[in-house]
Amino acid sequence: MLGDIGDRRGSGISAFALALGAAVLVAGCQTTGVQNVAGTPTNYQDTRTAGLVRGTGIESQDIKSMVDKMVRHMLANPTLAGAAEPPRVIVDSAYFENQSSQRIDKDVLTDRLATQLQISANGRILFVNRERADMVEKERALKRAGKTDTGTVGLTQAVAGADYRLSGRITSLDQRTRSGVQQRYMNIVFRMTDLENGITVWANQYDFKKAGQDDVVYR
Amino acid sequence: MIRSMTAATAAILALGGCMETTSQVDPKAVQAYLADKPAETHKLYSKVVTEGEGNRVLNLMRAGLASMELGHNELAAKSFDDALLTIETVYADDERAKEARSTFTPEDRKVFRGEPYERAMAFYYRGVLYLSEGDYENARASFKSGILQDSMAEQEEFREDFALLDFLTGWASQCNGDASLAAEDYARAKQYNPEAMIPGAGHNLLVLADLGYAPVKYGDGDYKELLKVKKNARSYSPNRSFGLDGSAQSLANEESVLRQATTRGGREIDFVLEGKAHFKEGAEETAQAGAAVAQAGMAVGMAGLASGNEDMARMGGGMAAVGGLVSIFASAAAEAAKPEADTRQWDNLPESVYYGTYQTVAGEGGPSVEGLPGGRVHLGGDERCQVAWTRHPTTSL
Chain A
1 MLGDIGDRRG
11 SGISAFALAL
21 GAAVLVAGCQ
31 TTGVQNVAGT
41 PTNYQDTRTA
51 GLVRGTGIES
61 QDIKSMVDKM
71 VRHMLANPTL
81 AGAAEPPRVI
91 VDSAYFENQS
101 SQRIDKDVLT
111 DRLATQLQIS
121 ANGRILFVNR
131 ERADMVEKER
141 ALKRAGKTDT
151 GTVGLTQAVA
161 GADYRLSGRI
171 TSLDQRTRSG
181 VQQRYMNIVF
191 RMTDLENGIT
201 VWANQYDFKK
211 AGQDDVVYR
Chain B
1 MIRSMTAATA
11 AILALGGCME
21 TTSQVDPKAV
31 QAYLADKPAE
41 THKLYSKVVT
51 EGEGNRVLNL
61 MRAGLASMEL
71 GHNELAAKSF
81 DDALLTIETV
91 YADDERAKEA
101 RSTFTPEDRK
111 VFRGEPYERA
121 MAFYYRGVLY
131 LSEGDYENAR
141 ASFKSGILQD
151 SMAEQEEFRE
161 DFALLDFLTG
171 WASQCNGDAS
181 LAAEDYARAK
191 QYNPEAMIPG
201 AGHNLLVLAD
211 LGYAPVKYGD
221 GDYKELLKVK
231 KNARSYSPNR
241 SFGLDGSAQS
251 LANEESVLRQ
261 ATTRGGREID
271 FVLEGKAHFK
281 EGAEETAQAG
291 AAVAQAGMAV
301 GMAGLASGNE
311 DMARMGGGMA
321 AVGGLVSIFA
331 SAAAEAAKPE
341 ADTRQWDNLP
351 ESVYYGTYQT
361 VAGEGGPSVE
371 GLPGGRVHLG
381 GDERCQVAWT
391 RHPTTSL
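Chains as they are written, first to last, in the numbering used here: chain A, 1 to 219; chain B, 1 to 397.
Same shape as in the complex, but just chain A (with noise of 0.2 Å):
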């Protein structure tokens, strides 16, 4: 009697046992190993918000916004677009530099606000390309060589000079603290400066802060 009891009590607390252990196996293997296993399509992310991957330092809706509040305060400015005669001026990343701690291709900002501005512009400013302009010498020598002619617009004296240059500076201040918060105020300043008496005629800047703070697995 006492055996059956036994017996029976015993295959019920074996069959009990082993549940909950699979019950315990199953909670504890909550991962596989692989995250998202069916990956992420490639999709367009819109360039005038944050993106999936976010950084303390510039992103392109901050180029976008910083691009677009330089071209209308310039083509606001009676010196550069107001003139009788459109001005002529250079505008690439020769003269802007980066002192921030963020590595970064300043090319990607000039040739946006170079962009923009002529598009903009339209005809108010005359645009002269310093950056190609061996690519210019090289076509000027085949004409005057004679191994091309003239094109449609005729030879000219010299290459266009320009009357203003843009020059530039990004600035950073960092903090990170020991609790993992990390923050960069980041300034960009931009100067348009005569290039025959050296005299700024527009500069405006763009500044933003972002914080962040990782997980704590990562602090």
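Worth flagging that the hints you see were computed from the coordinates, not collected in a lab.
There is no bait here: all hints are sound.
Across the chosen pairs, the derived CB separations fall in these ranges:
#, chain 1, residue 1, chain 2, residue 2, range
1, B, 246, A, 73, 56 to 64 Å
2, A, 44, B, 184, 40 to 48 Å
3, A, 64, B, 241, 50 to 58 Å
4, A, 151, B, 370, 49 to 57 Å
5, A, 46, B, 365, 50 to 58 Å
6, B, 281, A, 46, 47 to 55 Å
7, B, 29, A, 46, 26 to 34 Å
8, A, 120, B, 82, 35 to 43 Å
9, A, 189, B, 33, 37 to 45 Å
10, B, 133, A, 205, 25 to 33 Å
11, B, 133, A, 130, 20 to 28 Å
12, A, 46, B, 235, 50 to 58 Å
13, A, 44, B, 288, 54 to 62 Å
Some residues of chain A that are not near chain B, with every Cβ distance over 12 Å (derived):
#, residue
14, 64
15, 157
16, 199
Virtual Cβ for every residue (Gly too), placed ideally from N, Cα, C.
Dock chain B against chain A, hints included.
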């Protein structure tokens, strides 16, 4: 019996379902990834693909440094850029980080981003590569970012004390023609290391020698829950002498990577790991107590059986069953708890960086730098500044 079988089957099925999914990487994908990389680096770069996202930064940093040693600077730069993208991203609301906080998941489940000294060194190498290209603005940005990684030390005296990076920030500014910025950076380097050098007038060559074996991470504490770093057991005697354009020179300055690695102090994650260790310890004690109750129950049951006291036998059996179950599940919980600290490490880092600046009248082939350990000296820079870099012992490929 049938119920036992069913339960056993459930347990086996549960075990089967619990098997870790191994990420199988298509060999063609590995081949495609390696196609544009030099053959001698394939072993290291294949791990970038096969070991997955969790170890991607670690493998990129190892392979990037090895590529730099071999003179494949473009590949090294790409590798460090890729690694730094992850290092610089703010990891909040991250699934793997959330898992790593769980009692039953080890810390090394998280995406490896390195400890501050490793992150700082990744920026250091990217900066040196920029110096080699003559891109002094981005070199300066890299060194500055490296300094920021060193701001998480427990004791204030050890925060942002990476004098080498301050010095290099100044050097990059000097090469870029920013004298006032350079002076500020050199002053900061001197603040952390009074013996830190200020380049002499006319110095246009920076020599960097990364020597010795990487610091070693290990888990300390009863459950290896405390991350500690120690000197590598392999001994190394650095040689700081070399010849420059025919004259004898010495690398006067040293930045100890080992010191940077060992002076950080505790981490915030240590509190999480400590909690996991307490859980494990508690579960183990509960398992022991359960086992003791089960043993006592068995004794009571046996005594009941021997004396013909049925109630006593039942009570003893019940005690044994409950104690046994408690012991089994507490043991399972203790076994499942993972308090171990993440000891994955960038193992081809040097123990120290030795450095100095000099004046050279570089001819067409650049300065003649001879006799540095490792034999292979990598030269770069432009007409403003030159940089010579070497690493010894080199990474085993």
